[in-house]
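Those protein sequence lines, which keep their order, are chains A and B. So in this note's numbering, the last spot in the first sequence is 318, and the numbers never skip. So in this note's numbering, the last spot in the second sequence is 318, and the numbers never skip.
Hints are computed from structural coordinates only; laboratory data are not their basis. Remember, predicted model here, so these are calculated numbers, not experimental data. The reader is advised that the hints may include incorrect statements.
Since the list can't tell identical chains apart, any single copy or any two copies may satisfy a pair.
[Said to hold, decoys possible] In silico DSBU-like cross-links for lysine-lysine, where the CA-CA straight-line distance does not exceed 30 angstroms:
(1) Lys131 x Lys260
(2) Lys237 x Lys224
(3) Lys224 x Lys200
(4) Lys213 x Lys86
(5) Lys262 x Lys131
(6) Lys290 x Lys213
(7) Lys213 x Lys200
(8) Lys213 x Lys224
(9) Lys138 x Lys237
(10) Lys200 x Lys237
(11) Lys104 x Lys237
(12) Lys224 x Lys22
(13) Lys260 x Lys213
(14) Lys86 x Lys131
There are 2 protein chains.
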Amino acid sequence: SQTASSEKYQSDPLPSWNEGKSKASIITYVNDVTNSESPNFIPVSERIATFDNDGNLWSEQPAYFQLFFAIDRVKEMAAAHPEWKTQQPFKAVLENDMAELAKQGEHGLIQLVMATHAGVTTDEFDADVKNWIATAKHPTKNVGFNELVYQPMLELLQYLRANDFKTYVVSGGGVDFMRAFVTEIYGIPEEQILGSRIKTAFDYNNGNPVIKRLPELDFIDDKEGKPLNIQKIIGKKPVFSSGNSDGDLQMMQWAASNKYKSFMLYVHHTDEVREWAYDRESHIGRLDKGLDQANNNGWTIIDMKTDWKVIYPFELK
Amino acid sequence: SQTASSEKYQSDPLPSWNEGKSKASIITYVNDVTNSESPNFIPVSERIATFDNDGNLWSEQPAYFQLFFAIDRVKEMAAAHPEWKTQQPFKAVLENDMAELAKQGEHGLIQLVMATHAGVTTDEFDADVKNWIATAKHPTKNVGFNELVYQPMLELLQYLRANDFKTYVVSGGGVDFMRAFVTEIYGIPEEQILGSRIKTAFDYNNGNPVIKRLPELDFIDDKEGKPLNIQKIIGKKPVFSSGNSDGDLQMMQWAASNKYKSFMLYVHHTDEVREWAYDRESHIGRLDKGLDQANNNGWTIIDMKTDWKVIYPFELK
Ligand SMILES: [Ca+2]
Ligand SMILES: [Ca+2]
Chain A
2 SQTASSEKYQ SDPLPSWNEG KSKASIITYV NDVTNSESPN FIPVSERIAT
52 FDNDGNLWSE QPAYFQLFFA IDRVKEMAAA HPEWKTQQPF KAVLENDMAE
102 LAKQGEHGLI QLVMATHAGV TTDEFDADVK NWIATAKHPT KNVGFNELVY
152 QPMLELLQYL RANDFKTYVV SGGGVDFMRA FVTEIYGIPE EQILGSRIKT
202 AFDYNNGNPV IKRLPELDFI DDKEGKPLNI QKIIGKKPVF SSGNSDGDLQ
252 MMQWAASNKY KSFMLYVHHT DEVREWAYDR ESHIGRLDKG LDQANNNGWT
302 IIDMKTDWKV IYPFELK
Chain B
2 SQTASSEKYQ SDPLPSWNEG KSKASIITYV NDVTNSESPN FIPVSERIAT
52 FDNDGNLWSE QPAYFQLFFA IDRVKEMAAA HPEWKTQQPF KAVLENDMAE
102 LAKQGEHGLI QLVMATHAGV TTDEFDADVK NWIATAKHPT KNVGFNELVY
152 QPMLELLQYL RANDFKTYVV SGGGVDFMRA FVTEIYGIPE EQILGSRIKT
202 AFDYNNGNPV IKRLPELDFI DDKEGKPLNI QKIIGKKPVF SSGNSDGDLQ
252 MMQWAASNKY KSFMLYVHHT DEVREWAYDR ESHIGRLDKG LDQANNNGWT
302 IIDMKTDWKV IYPFELK
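Working from the sequences, and respecting the hints, build out all of it.
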């Protein structure tokens, strides 16, 4: 009956997920470890869930969203930096020469990041990011970057929190870039967002304390950096871990070694129509060793194309 | 009447505090900023309260408790290190020669810390600390170190949490030393404990992931390190900050610069009978510039001797 169907929908914690192995395995796990009669019961204080961000909570193609921020900032700041017209990697950015920018490699990327993420106070940087996200548009999807989050993952975060899991972002992206706007989208407070960071210094500006952002890397929250940062900041092993690339593999292994029953979840980008399809050969978000280990260890692998009814929240409107 | 008095006691959130300026200023502040009709109302997500540990939540005389742990560990480990019999600072520890140990200075201390805090996995170190705290006794008070916490501060932590403040420890002490046992005492989860730390490395032990503790400093969470670590890890400015030494001054200034109404609280050690009395000239927990700024800025200064009815929880029994 329509009533029963409507009730079923209301009681479905993951309405944007198609029925299938991925959805069933998540719900079975959560029901098991939150049941105080189960031998697998996990105390609330240990229900730590860690989520990678790029390609896992939001899209990451054709480039990490934070790179678009850096590019847009270089263009805005160019008037004050006439030397950039002839100096790489800035010249490539100002000329929209993405082939040349790619040639500049990791060193070029770090130069872009330092020029646009450092030399300001934490408050100024926060304002820079908020100003950017308010108007910036994704180059092919033509919507705000903050609209390109995965609706099924928003539901999963909410479902875990409703079951007293503490949800964290653990991303290779810049922690202060994310903190400037994802709290509202994900329902995750600033203090539960972990990421890469640059060094900072405490100083006074006319007697007022400020924290200045310095053009030097402090910590890269990727690969083995993920469990290391989780241990430093959270001090507990996750019981639920979710990612989409080989950069998440050590975090997955760390969660898999938990004495409590743990859940490892990989997002596999298989939908070239609604999102993008890529894995073992991709330069962004490569999923190769991680896919093998997930298969070998029986971890859950989301097939984006078949598991997700919708990709983005705006599809629901 | 007795009934009225009993009701008053039950409704008193800080029963171990004597009536007076310190207690009144705390309660007035909390009532103000949690009142949604007040112009000073602070949203729950911004109610971040940061507490120094040594000399602020527990005693720190005649030496930091973590030093007693290092000393006891050196003695336990000595059988496997015959060279320590002739090698400083270990020789001084093994001979109970505190004068010689003091002569070894900060370099000697760091050697003790590295020998006893590194070279093990995070799980092994956690067990080392738990084993120690289960039996170790303070040299003059002759009770467990975990009994030398301040009852009035336990009540303050609880009172703030009851008013939806998120309470954090932000200590110069080692974060993993504290995490091994203070969660239960303070009611503060591991992920809300910030401190100094050594470097770590991710590795595999027979295929099982482990995190190894390396004999190298990673971060000193003292002085300007406190606001820097708060910004890195919490990502928000505290509205309530509490400490007892000049090492907390930058954290106090950081909280004082909050756009929300903030509260700065210094513990002044004035009770040489029940605890210890020290401030401007002390080698441990020196409070000099901080005391001047607290007085000049109207921050609240706890006079331990007159403000606190009891110091330690065991006095209530
Ligand atoms: Ca990713
Ligand atoms: Ca202190």
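Right, here's what the structure says about each hint:
1. In this assembly of identical chains, Lys131 and Lys260 lie within 30 angstroms of each other by CA distance solely across copies; the values are 18 angstroms between and 40 angstroms within a copy.
2. Taking CA atoms no more than 30 angstroms apart as the test, Lys237 paired with Lys224 passes in both settings, with 18 angstroms inside one copy and 27 angstroms between copies.
3. Taking identical chains as interchangeable, the C-alpha atoms of Lys224 and Lys200 lie at most 30 angstroms apart whether they share a chain (20 angstroms) or sit on different chains (16 angstroms).
4. Within a single copy, Lys213 and Lys86 get their C-alpha atoms as close as 27 angstroms, which meets the 30 angstroms cut-off; across copies the closest is 47 angstroms, which misses it.
5. Taking the shortest alpha-carbon separations for Lys262 and Lys131, only the inter-copy value of 24 angstroms comes in at or below 30 angstroms, while the best intra-copy value is 39 angstroms.
6. Taking the shortest Cα distances, Lys290 and Lys213 sit within 30 angstroms of each other only across copies (24 angstroms), while inside one copy they are farther apart (39 angstroms).
7. Proximity of Lys213 and Lys200 under a CA criterion of 30 angstroms is satisfied in both settings, with 9 angstroms inside one chain copy and 24 angstroms between copies.
8. Taking identical chains as interchangeable, the C-alpha atoms of Lys213 and Lys224 lie at most 30 angstroms apart whether they share a chain (27 angstroms) or sit on different chains (16 angstroms).
9. In this homomeric assembly, Lys138 and Lys237 come within 30 angstroms of each other (Cα to Cα) only across copies, at 28 angstroms, whereas the closest approach inside a single copy is 38 angstroms.
10. For a Cα distance limit of 30 angstroms, the shortest separation of Lys200 from Lys237 qualifies both inside one copy, at 25 angstroms, and across copies, at 17 angstroms.
11. For the homomeric pair Lys104 and Lys237, neither the shortest alpha-carbon distance inside one copy (40 angstroms) nor that between copies (38 angstroms) is at most 30 angstroms.
12. In this assembly of identical chains, Lys224 and Lys22 lie within 30 angstroms of each other by CA distance solely inside one copy; the values are 27 angstroms within and 52 angstroms between copies.
13. For the homomeric pair Lys260 and Lys213, the shortest alpha-carbon distance between copies (18 angstroms) is at most 30 angstroms, but the shortest distance inside one copy (41 angstroms) is not.
14. Within a single copy, Lys86 and Lys131 get their C-alpha atoms as close as 27 angstroms, which meets the 30 angstroms cut-off; across copies the closest is 60 angstroms, which misses it.
Consistency with the previously given hints fails for number 11 only.
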